[in-house]
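Asks: Sequence:
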Amino acid sequence: MKKIPRMMAAVLALVMLLSLAGCGSSDGKTHLSFQIWDTNQRPGMEAMCAAYTAQHPDVVIDVQVVSWGEYWTKLEAAAESNTLPDIFWMHTNQLLYYADFGMLADVTNLYDDVESGYYQNHFSEISLGNISGSDGRYYGVPKDKDVGVLVYNKEMFDAAGVPYPDDDWTWDDLQEASQKIHDATGNYGYMAHMDDQLGYWSYLYANGGYALTADRTTCGYDQPGGKEAFTFYINMQKENWCPDQTFFTQNGAGSTFWSERGAMFQEGSWSLLSAIEDYPELRGKWDIAKLPKAPNPVHTEESLDVDGRACMSNGLCYSTGAHNKRLDVVLDVIKFFGTEEANIIQGNSGAAIPAYLGTEESWRTAFEQFGSPINLDIIFDSFDFAVQVPFNSASPRWKSQVADVLSQIYAGNQEVSSGLDKMAEVVNYETARKLAGN
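Numbering (the working numbering), first residue to last: 1 to 438.
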């Protein structure tokens, strides 16, 4: 092995010293990095950090935005080299992967000195499910929560003489309205693109199906409720009022809606404010409604009590590395992020609904400057039938494989029923492998 020259060794030692002390520590302050992936949420995150540093002037927090496409590649590389950002967002797709490998700090007892049962008292069951590791411990502080809703173009409904969607709407009404709108305007009706959280999962659960059993060990795509829901959802692309998957791959459901070529699609609550800001010419032309109900849901032991209606709910959390050299300071910051004060600050930014129970209404304030052009009550009502986004420790392994099979179904190269059997086999196989430690 070649020896490092003395001068180079000195430089490396200095670099290592600075990295341990914190970037830019010559000013005597503790500098922390905070990595996120959504530019729209940067102002809210920076406002929270400012509130913390106002009380702790010896701490500096740098919010860094990395695109979703790069985020997980960089995070995994950082985890392998023990250079994780001081604070970072964690998604349910990846939480168990990182937690099970001991990469995330356990924050289960973070609030023990504040209040007994702090997490249970201030966060929903879904939020707690989003931060729980395979061992039942918590590996992040809940950040936000969301739901999917039906976004619709009021002008197209008016042109077709179709009443706006209401609480009684079913899948049958969705299809009938889509056909009438297409016949009257030439535009697409409901745009059923290939997506899980903002697509087929809500139909799956509404129909009494399920992606994973309650213990997260077995897939239900091949069960009756699942096959009926998937068949309905996939077959919508065979109608003249719904584009096919090739179209969606090239254009996107959202882009088609906002260019006024489609009447309806499913969107997440986190995107509504940016839609109002980005398309000022469409304000007053569109609104939101609850997702339609399954007309005849299948009831089994695994079915959730959703009474034919469901929407998916997910939520991020604030995490840090288990081996962070400034863990005491970082945990204090994350602890603040989980307070009522910090959640209201985040809510006021309008980008995401805060997870802390009782602070959700702060999210409305960002819409008031536009005269509240959409019915935000729909969002809060939708939490009544929200279902936690399904995931397990093997999700990073099976999600892309399931998407590949589903793509073959949409392309007509795989029959729906047998394709769903194959999708279930993939999930079950990868889950069993992960549980076995392989």
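Just to be clear, a hint being listed does not mean it is correct.
Straight-line Cα separation of at most 30 Å, DSSO-like style, residue types lysine-lysine; simulated pairs [claimed, not checked]:
hint	residue 1	residue 2
1	Lys-29	Lys-74
2	Lys-399	Lys-434
3	Lys-154	Lys-238
4	Lys-29	Lys-238
5	Lys-74	Lys-399
6	Lys-74	Lys-325
7	Lys-285	Lys-74
8	Lys-238	Lys-285
9	Lys-154	Lys-285
10	Lys-238	Lys-325
11	Lys-325	Lys-335
12	Lys-434	Lys-29
13	Lys-180	Lys-154
14	Lys-29	Lys-180
15	Lys-399	Lys-29
16	Lys-29	Lys-285
These are computed hints drawn from the structure, not numbers from a lab.
Asks: Going straight from one Cα to the other, do Lys-325 and Lys-335 come out at no more than 30 Å?
Replies: holds, 17 Å
Asks: Within 30 Å, alpha carbon to alpha carbon, are Lys-399 and Lys-29?
Replies: violated, 42 Å
Asks: Run the distance test for Lys-180 versus Lys-154: straight-line Cα separation, threshold 30 Å.
Replies: holds, 14 Å
Asks: For Lys-238 and Lys-285, compute the direct alpha-carbon distance and say whether it is at most 30 Å.
Replies: Judged against 30 Å, a Cα distance of about 28 Å means the pair holds.
Asks: Has the given pair, Lys-29 with Lys-74, been kept, meaning a C-alpha gap of at most 30 Å?
Replies: holds, 26 Å
Asks: Would you check the hint for Lys-285 and Lys-74, treating anything up to 30 Å between C-alpha atoms as holding?
Replies: violated, 41 Å
Asks: CA of Lys-74 to CA of Lys-325, is that 30 Å or under?
Replies: Holds, at roughly 19 Å.
Asks: Regarding the pair Lys-238 and Lys-325, is the alpha-carbon distance no greater than 30 Å?
Replies: Roughly 56 Å separates the two Cα atoms, so the pair is violated.
Asks: Verify the proposed pairing of Lys-154 with Lys-238, using a straight-line Cα cut of 30 Å.
Replies: Holds, because 24 Å separates the two Cα atoms, which is no more than 30 Å.
Asks: Between Lys-29 and Lys-285, does the CA-CA distance stay at or below 30 Å?
Replies: violated, 51 Å
Asks: CA of Lys-399 to CA of Lys-434, is that 30 Å or under?
Replies: holds, 14 Å
Asks: Verify the proposed pairing of Lys-154 with Lys-285, using a straight-line Cα cut of 30 Å.
Replies: Holds: Lys-154 and Lys-285 sit about 5 Å apart, inside 30 Å.
Checked against the numbered hints above, the structure violates hints 4, 7, 10, 12, 14, 15 and 16; every other hint is satisfied.
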